[in-house]
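Sequences and hints are given; from them, build the entire structure.
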Amino acid sequence: MDRLLTLEMFVAVASEGGFAAAARKLGSSPPAVTRGIAALEARLGTRLFHRSTRAVALTEAGAGFLEQARRILAELAGAERELRGAEAEPRGQLHLTAPVMFGRLHVLPVVGELMAQHAGLAVRMMLIDRNVRIVEEGIDVAVRIGPLADSALKAVRIDRVRQMLVASPAYLARRGAPATVEELAGHELIGTMGPRWAAEWQFASRRWRLDAPPRLVVNSVDGVLAAAEAGLGIANLLSYQLAEAVDAGRLISLLADEAPPPLPVHLLFEPSRAGLPSVRSFVAAMKARMRAAGLD
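To convert, note that position 62 of the sequence shown is 62 in the UniProt record's numbering; the numbers rise steadily by one, no gaps.
Treat the hints loosely; a few may be bogus.
Pairwise CB distance ranges (calculated) [said to hold, decoys possible]:
#1 Glu75 x Arg157: 21 to 27 angstroms
#2 Asp247 x Met115: 28 to 34 angstroms
#3 Ala173 x Ala226: 16 to 22 angstroms
#4 Ala248 x Arg157: 29 to 35 angstroms
#5 Pro261 x Arg71: 29 to 35 angstroms
#6 Pro30 x Gly231: 55 to 61 angstroms
#7 Asp257 x Arg71: 42 to 48 angstroms
#8 Glu89 x Arg124: 15 to 21 angstroms
#9 Val135 x Glu89: 43 to 49 angstroms
#10 Met193 x Gly231: 19 to 25 angstroms
#11 Glu89 x Glu60: 42 to 48 angstroms
#12 Glu67 x Ala38: 19 to 25 angstroms
#13 His50 x Ile252: 54 to 60 angstroms
Quick caveat, the hints were computed from the structure, so don't treat them as lab data. Note that CB positions come from ideal geometry on N, CA and C, so glycine has one too.
What follows is the structure, given as structure tokens:
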């Protein structure tokens, strides 16, 4: 059986959790998928799945092989797309992901301009305040804010953003403003559930560890902003998220001399997608947008 097809079957069974579901996804039949996996296992000389009447689960060897199989298929798909027209006009589906507010403020305007310029381009955006798995989710380009983990993905830095501690005038009138990092221990803090939240905060000159989790934890930037403006505590957010509220006086910047260091903003994508016209155009447009915005 064709090696590429058996790899596609393997990834589909692992992703869908069963042979029947994989067959439906591939437009094939369960017996054909079963034969394909058997052929792949025979070629590799090892079992890739534990099979039972109720479930299918990856073996240790299968789990180790899965990431390689996904990468092989992704690189082949990228090479085919590049060969079909590295210099062609952006067209087809571009899959993007970005943090919710950053996506609304800075990615959507770029997407709108690109779609106006290229009638054959379609875009699917996932705006979410968590880091999605790029390969598994089929993402072409991801916007990431903060330090990057080591990976085989290509990263293009496009800007950096300031971190700021803020509170409302009402909260400060009631509790006073912390004069030092140490005084934060006596204040109400508003936590988040996103990738930026940590039990240890980095400031300009030192690290400060929270003695206990915040009493209030909110799962979205909009929610944290609303809680801070309502006087429920001190929030640690990014400059672009706070600009409107700070300019309007609804929130006050705190400990400016000890402000946490800026965070880098990167575009992250598989190297095999770097030559795609849609990816190249999006990266160039985002670089231009960030130069004009000057977030830091």
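Status of the hints after comparison with the structure:
Between Glu75 and Arg157 the C-beta distance comes to about 23 angstroms, which sits within the given range of 21 to 27 angstroms. Restraint check, Asp247 to Met115: a C-beta distance of roughly 31 angstroms satisfies the suggested window 28 to 34 angstroms. The given range of 16 to 22 angstroms is respected by Ala173 and Ala226, whose C-beta atoms sit roughly 19 angstroms from each other. Taking 29 to 35 angstroms as the suggested C-beta distance range, the pair Ala248 and Arg157 conforms, at roughly 31 angstroms.
Evaluation of the 29 to 35 angstroms hint for Pro261 and Arg71 yields a pass: the beta carbon distance comes to about 33 angstroms. Hint check: Pro30 to Gly231, Cβ distance near 59 angstroms, so the stated range 55 to 61 angstroms holds. The hinted window of 42 to 48 angstroms between Asp257 and Arg71 holds, with their beta carbons roughly 46 angstroms apart. Between Glu89 and Arg124 the C-beta distance comes to about 19 angstroms, which sits within the given range of 15 to 21 angstroms.
Checked against the hint of 43 to 49 angstroms, the C-beta distance between Val135 and Glu89 comes to roughly 26 angstroms, which is inconsistent with it. In this structure the hint that Met193 and Gly231 lie 19 to 25 angstroms apart at CB holds, the actual value being about 21 angstroms. Roughly 46 angstroms separates the CB atoms of Glu89 and Glu60, a value that falls within the hinted 42 to 48 angstroms. Between Glu67 and Ala38 the beta carbons are some 22 angstroms apart, a value that agrees with the proposed interval 19 to 25 angstroms.
Judged by the Cβ atoms, the range 54 to 60 angstroms given for His50 and Ile252 holds: they are separated by roughly 58 angstroms.
Hint compliance for this structure: hint 9 alone is broken.
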